[in-house]
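Quick note, the sequences are listed as chains D and X, same order.
Start counting at 1 in the first sequence, then tack on 128, and there's your number in the working numbering.
Start counting at 1 in the second sequence, then tack on 504, and there's your number in the working numbering.
Just to be clear, a hint being listed does not mean it is correct.
What the hints assert, rightly or not - Cβ-to-Cβ under 8 Å is the rule here; a few derived chain X residues that face chain D:
| hint | residue |
| --- | --- |
| 1 | Met517 |
| 2 | Val518 |
| 3 | Val523 |
Stated by the list, open to error - Per the computed footprint, the stretches of chain D lying under chain X, defined by three or more beta-carbons under 8 Å from a beta-carbon of chain X, are:
| hint | region |
| --- | --- |
| 4 | 163–177 |
| 5 | 180–194 |
Simulated from the structure, these hints should not be mistaken for laboratory data.
Keep in mind it's a predicted model, so treat the numbers as computed, not measured.
Using N, Cα and C, we set each Cβ at its ideal position, and we do this for glycine too.
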Amino acid sequence: MKKYISAFLIFMMSLGQLFAQGKIEMADGLRAEGKIYVVVLVMLVIFSAVAVYLFTIDRKITKLENDK
Amino acid sequence: MKKIWWKILAVLMVAISIVAGLLGPVPELPILNETIRNVYFHVPMWFTMVFLYLISVIYSIKYLSTTNRNFDIMAVEAVNTGILFCVCGLLTGMLWANITWGDPWPNDPKLNGSAIATLMYLAYLVLRNSLEEEQKRAKISAIYNIFAFPIMLVLLYILPKMTDSLHPGNGGNSTFGDLDMDNNIRPIFYTAVIGWILIGSWITSLRYRVRLIEDKKNSF
Chain D
129 MKKYISAFLI FMMSLGQLFA QGKIEMADGL RAEGKIYVVV LVMLVIFSAV AVYLFTIDRK
189 ITKLENDK
Chain X
505 MKKIWWKILA VLMVAISIVA GLLGPVPELP ILNETIRNVY FHVPMWFTMV FLYLISVIYS
565 IKYLSTTNRN FDIMAVEAVN TGILFCVCGL LTGMLWANIT WGDPWPNDPK LNGSAIATLM
625 YLAYLVLRNS LEEEQKRAKI SAIYNIFAFP IMLVLLYILP KMTDSLHPGN GGNSTFGDLD
685 MDNNIRPIFY TAVIGWILIG SWITSLRYRV RLIEDKKNSF
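Next up, chain D with everything else stripped away, as it sits in the complex (with noise of 0.2 Å):
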């Protein structure tokens, strides 16, 4: 019994340090190739805020323009 019990302690112990050595493969789209996927979505967040306040602006004033 305690034969397998050091076994088995053993095979968890190089199951941990294989993990801690190897890659573990997550999500990693948007880590890849220096993390500009980061800065595109940073941009295109900005932008899109632009665009829906230019729109909401839109028609604000086409509310405005139709209550004459």
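We have chain D; now place chain X onto it with these hints.
Here is chain X on its own, set in the frame of chain D:
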């Protein structure tokens, strides 16, 4: 002009140019490195500015031939928006020049020309504010505008080509079109230019419509 499809098109085109401009393949050049991607963002600012100033001149001529006040308002608002894009072009250009030419304002004829052109259009706005009488203001500023536009083109496009300039396509430098603008860059560049021109026209039309509403309110 009130239709929505071209506004959506404008937003889409600029969004595409942001994504493709940052991720797309670019030629690998010394000194420029990745900053060549600025072509998609810095240059369209100037194209938009020139386009808006052109609109302004067209409406100034229209004003002189019809004396319709609305044409005068359109001419001013186009210049107002053009100056916004000019400021963006100057600031982005200074950032870019600082990295690639080692100085935010090297003594480049194109830079000095753009500075003079900017002052000329600021003078146009000052001139307008200094004239009280409405018709006189519209007429004098329209004539000033018609003179300012060709001088601006000479300062930005003709004089730098005749002397030495750091900008591509000027003073014996090859243009981006000849050498550096390969076929990966071109479609994204034109998308960005058209997109930003549409955005500029959109902002101008918004300002114009606000001015018309103000006008209506004041006339009652």
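A quick look at each hint next to the structure:
1. Met517: violated, 11 Å
2. Val518: holds, 6 Å
3. Val523: Holds, about 6 Å.
4. 163–177: Holds, because 8 residues of the region 163–177 of chain D bring their Cβ atoms closer than 8 Å to Cβ atoms of chain X.
5. 180–194: holds (count 8)
The structure shown violates just one earlier hint, number 1.
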